Amino acid sequence: MDFALSEEQQFLQSTVSDYLAANCTLDRVRDCVKDFQTTDPNLTEGLVALGVPGVVIPEEFGGTELGYLEAALIAEALGGSIAPFPFIGTSVIAPYLITHAGSDEQRASLLPKITTGEIQFGIAFTESIGRRVTNPTQANDGRLSGEQTFVIDGSDCELILISTEGGEVFVVESPAVEREELKSIDRTRSLTRVKLDNTPCEVLPGTVDDPTLLSHALDIGRIMIAADTLGAAQTMLDKSVEYAGERKQFNRVIGSFQAVKHMCAEMAAELEPCRSLVWYAAHSVLAIPSETHLVACHAKAHLAEVGQFVARKSTEVHGGMGFTDLLGLHYWFKRIGLNRQLLGTPDQVREEAAQAQGW
Amino acid sequence: MDLEYSAEYEQYRQDLRKFLDENKHRSPGMVGTAFTGEEREKIARDWQALLIENGYAARTIPKEYGGAGQEPDPLKAHIIAEEFARYRVRPGHSGDNRLVPTVLDLGTEEQKRWLVPPTLRGEMTWCQGYSEPQSGSDLASLSTRAHVDGDDFVINGQKIWTSGAQRADMIFCLVRTEPEAPKHQGISYLVFSMKTPGIDVRPLVTMTGEATFNEVFFTDVRVPTTQIIGKRGEGWFVANNTLKYEREGLGDPNQAESRLREVVAILERETVDGQRIMDNPVYRDRLLRLQGQVLAMKYNSMRILTSRSKGEEPGLPRWIVKLQGCELNHQLAGLVIDALGELGTLYYNSPLLRDRGMWQQRYMMDLGLIIGGGTAQIQKNIIGERALGLPKEPKYAEVSS
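Residue numbers (our numbering), protein chains in the order written: chain A, 83 to 441; chain B, 625 to 1025.
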């Protein structure tokens, strides 16, 4: 019985965090996203060198196959630094689906290029969760037609993974589709609307007649988003404690006032158990898959709520400065705000959790 | 990360299950109700003795003081708690979980032999004399006085929130012995019999309608000067040792988990306007929100257990347990009360009462627990100062009158 990170896992997380602290500063992020760009080629190069995109990819395809807990630790570090890097789709969801549902040929051609950063994936799953269009995406004779809103990381990608209602997943080449950039509050991650009109596609054969693979991919994605929020919220708490320990009013640091101290304590008390929830959910993917769906839903929903709470309280602790662009705290606020809605809103995933228990 | 127990611990669990299968019929609560009070007390004492003999109670207390004399092992302690809960068999006790560790840590050899063995056997029971009407969160300002007269301390003053004072054989009590010293350095920690002349116990009825607490009045209570734990004026530090042990128990996530199961059962059972409460989207969503919190606290406790089993101080995960756990229990009870509508307000053995009125009882009792054992606001100070390193409130200069 050992519910803790190993030395290797701690080392992995601190390596990525240290790299991001040096290479993904707020100034760099501002610079990168100013023209609604959502990837930073230098950052991608550095993270590829650290092996980040191969974290769940088997060694025979050039990955390290460390596992999903390791992936969650990386997601947490990326969220902590609001990194503009398409991790959740390209490094986790796509490798999972291609490894478990792809043909031998798809595995051999796609997985190695993910590890080297040559290809990035957009994730178009709005047919499966949160559909808002009247023309559902349908497959016909190896071609797709319809519309997908809110494609994650869809702006700079070479390929898009698209799901249809039955849980089948298709690979489409980005230049073949009509794309329109959406502008969400969070400028560190892209959202794209995609229109398909008899667009050539390739199915991931394992997803035909087996919707569980897509559902498992969604759960894994939800865990990664929860981890990203955990990291972003932890940074907001750390910044709050630091600010409350330095800022003086009435000749005292404001952190000595209970009104401010208690806001910090409440953030810590809400957030700390979230770390264990994310660890457990991520660990379950390989170790206790029968529990993954339930805990992934809870991790996604609970981190959405606690993330929102921390984002709001942290802004308040920073007073007027928290509200300014000068301080830039809002980048974390907005990342947490977008994460809340992706791959299932909190109420949607809680309802899924209820149904999973037969309630 | 490995959530399995090693072979050694699995064997330990199997041995414990075998013990429980063979002996559970001897435990209190399993032997039926056709016994007098005296017989029931004997059954409880025999059960405790059997558990100590087999190393399932008072595990780490040395044999010479009546314990099982085993090495500390948080995983074994956890397995014992889990299996007794699973078998629904009353667990043993380690005497009083506040007093015994304190006497063992800080008492004299003579005090250990006098106090610990009968406490472990259940023949000497305790109450805690700390809080006073004017000294709650600011406990160190307490004003119950004790002056020395010959070989005795003579105690005058009043304590409050004294659980079990009407039944306890003994009290461990904080009194001011050095009125001239700074407040933290003028306190002593005394132990004495509740039958000592001059003690008056008055039940304190709470909002639940029960008298779980008491007020205790001392009028010229004479206690031999040898019945002090630690030195004169060091009682505050002795007491902090006790508080460390008391706070551990409040906000236990296992309790929240089993309460959640009970909430699910009643929401599935009850209907309003022909609809199962479980199918009402508002209550359903509230339930699921609370389940997310229960799971987070459960895994948080696994993290604490892992730290302890490695001999590490768990830090922040431990500091938040009382604050979060008590609030969570309160909200679980609150959900049921809201969902039951008018039925949720019934109490006092009313007709139509659900679950013997326990949801209102818990909802109120939990509020007491949120306040007691260090209020929620004191817990937030502790988290802010000890875990996050924020500065203390500056001390005001004494206001001159």
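These aren't lab readings, by the way, just hints derived from the structure by calculation. Quick caveat: nothing in here was measured; it's all calculated off a predicted structure. Be aware that one or more of the hints could be misleading.
Stated by the list, open to error - Computed list of lysine-lysine pairs in DSS-like fashion (alpha-carbon distance at most 25 Å, straight line):
# : chain 1 : residue 1 : chain 2 : residue 2
1 : B       : K642      : A       : K330
2 : A       : K321      : B       : K1016
3 : B       : K736      : B       : K642
4 : B       : K642      : B       : K666
5 : A       : K330      : B       : K1016
Stated by the list, open to error - Facing chain A, from chain B, some residues (calculated, C-beta under 8 Å):
#  : residue
6  : M625
7  : L640
8  : R641
9  : K642
10 : T684
11 : E688
12 : E834
13 : A835
14 : Q899
15 : V906
16 : L914
17 : I1002
18 : N1005
19 : P1015
20 : K1016
To be verified - Part of the chain A face toward chain B, derived, beta carbon under 8 Å:
#  : residue
21 : L87
22 : S88
23 : Y101
24 : A103
25 : C114
26 : F118
27 : E200
28 : I201
29 : G212
30 : R213
31 : A341
32 : H344
33 : A351
34 : C356
35 : F391
36 : A438
Where a beta carbon is used, it is the ideal one built from N, C-alpha and C, also for glycine.
Hints, verified against the model:
1. Pair hint B:K642 plus A:K330 does not hold up; C-alpha atoms about 63 Å apart against a cutoff of 25 Å.
2. Only pairs whose Cα atoms come within 25 Å are accepted, and A:K321 paired with B:K1016 is accepted, the gap being roughly 19 Å.
3. Of the pairs offered as hints, the one joining B:K736 and B:K642 is violated, with about 33 Å between alpha carbons and a cut-off of 25 Å exceeded.
4. For the hint pairing B:K642 with B:K666, the CA-to-CA distance comes to about 24 Å; that is within 25 Å, so the pair holds.
5. Pair hint A:K330 plus B:K1016 holds up; C-alpha atoms about 14 Å apart against a cutoff of 25 Å.
6. At a threshold of 8 Å, the smallest CB-CB gap from B:M625 to chain A is about 5 Å, leaving the interface hint in force.
7. Here the hint on B:L640 is broken, as its CB sits about 15 Å from the closest CB of chain A, past 8 Å.
8. Because the smallest distance between the Cβ of B:R641 and any Cβ of chain A comes to about 17 Å, over 8 Å, the interface hint for this residue is violated.
9. The beta carbon of B:K642 is not positioned within 8 Å of any beta carbon in chain A (closest approach about 21 Å), and the interface hint is therefore violated.
10. Below 8 Å, beta-carbon pairs count as interface contacts, and B:T684 has none with chain A, the closest being about 19 Å; its hint is therefore violated.
11. With a least beta-carbon distance of about 31 Å to chain A, the hint placing B:E688 at the interface is violated under the 8 Å criterion.
12. Contact between B:E834 and chain A, as hinted, is not supported at the beta carbon level, the nearest pair being about 30 Å apart and thus beyond 8 Å.
13. Hint status for B:A835 relative to chain A: violated, with the closest Cβ pair at about 32 Å, above 8 Å.
14. Restraint check, B:Q899 versus chain A: the minimum CB separation of about 14 Å is more than 8 Å; hint violated.
15. Annotation: B:V906 was flagged as interfacial toward chain A, and the flag is violated, the nearest CB pair being 11 Å apart, outside 8 Å.
16. This hint is violated: B:L914 has a C-beta 10 Å from the nearest C-beta of chain A, more than the 8 Å allowed.
17. Against a cut-off of 8 Å between C-beta atoms, the interface hint on B:I1002 is violated, since the closest Cβ of chain A lies about 10 Å away.
18. Taking 8 Å as the C-beta contact cut-off toward chain A, the hint placing B:N1005 at the interface holds, the least distance being around 7 Å.
19. Residue-level restraint check for B:P1015 holds (minimum Cβ-Cβ distance to chain A is 4 Å; threshold 8 Å).
20. Given hint, B:K1016 at the interface with chain A, holds; its Cβ is 7 Å from that chain's nearest Cβ, closer than 8 Å.
21. A cut of 8 Å between beta carbons decides the hint on A:L87: the least distance to chain B is about 7 Å, and the hint holds.
22. Because the smallest distance between the Cβ of A:S88 and any Cβ of chain B comes to about 7 Å, under 8 Å, the interface hint for this residue holds.
23. At about 23 Å, the closest approach between the beta carbon of A:Y101 and any beta carbon in chain B exceeds 8 Å, and the interface hint on this residue is violated.
24. A distance limit of 8 Å between C-beta atoms decides the matter here; for A:A103 the minimum to chain B is near 20 Å, and the interface restraint is violated.
25. A hinted interface residue such as A:C114 counts as satisfied when its beta carbon comes closer than 8 Å to some beta carbon of chain B; here the least separation is about 32 Å, so the hint is violated.
26. Violation of the interface hint for A:F118 is found here, the shortest Cβ-Cβ separation to chain B being roughly 34 Å, above the 8 Å cut-off.
27. At about 32 Å, the closest approach between the beta carbon of A:E200 and any beta carbon in chain B exceeds 8 Å, and the interface hint on this residue is violated.
28. Hint status for A:I201 relative to chain B: violated, with the closest Cβ pair at about 31 Å, above 8 Å.
29. With a cut of 8 Å, the hint placing A:G212 at the interface with chain B is violated, because the nearest CB-to-CB distance is about 17 Å.
30. Among the interface hints, the one on A:R213 is violated; its C-beta lies about 20 Å from the nearest C-beta in chain B, farther than the 8 Å criterion.
31. Hint status for A:A341: violated, given a least beta-carbon distance of 11 Å to chain B, over 8 Å.
32. Restraint check, A:H344 versus chain B: the minimum CB separation of about 4 Å is within 8 Å; hint holds.
33. The interface hint given for A:A351 holds, since its Cβ lies 4 Å from the closest Cβ of chain B, which is under the 8 Å cut-off.
34. Proximity of A:C356 to chain B holds as hinted, the smallest CB-CB distance being about 6 Å (cut-off 8 Å).
35. For A:F391, the shortest C-beta to C-beta distance to chain B is roughly 12 Å, which exceeds 8 Å, and the interface hint is violated.
36. Checking A:A438 against chain B: minimum C-beta separation of about 11 Å lies over 8 Å; hint violated.
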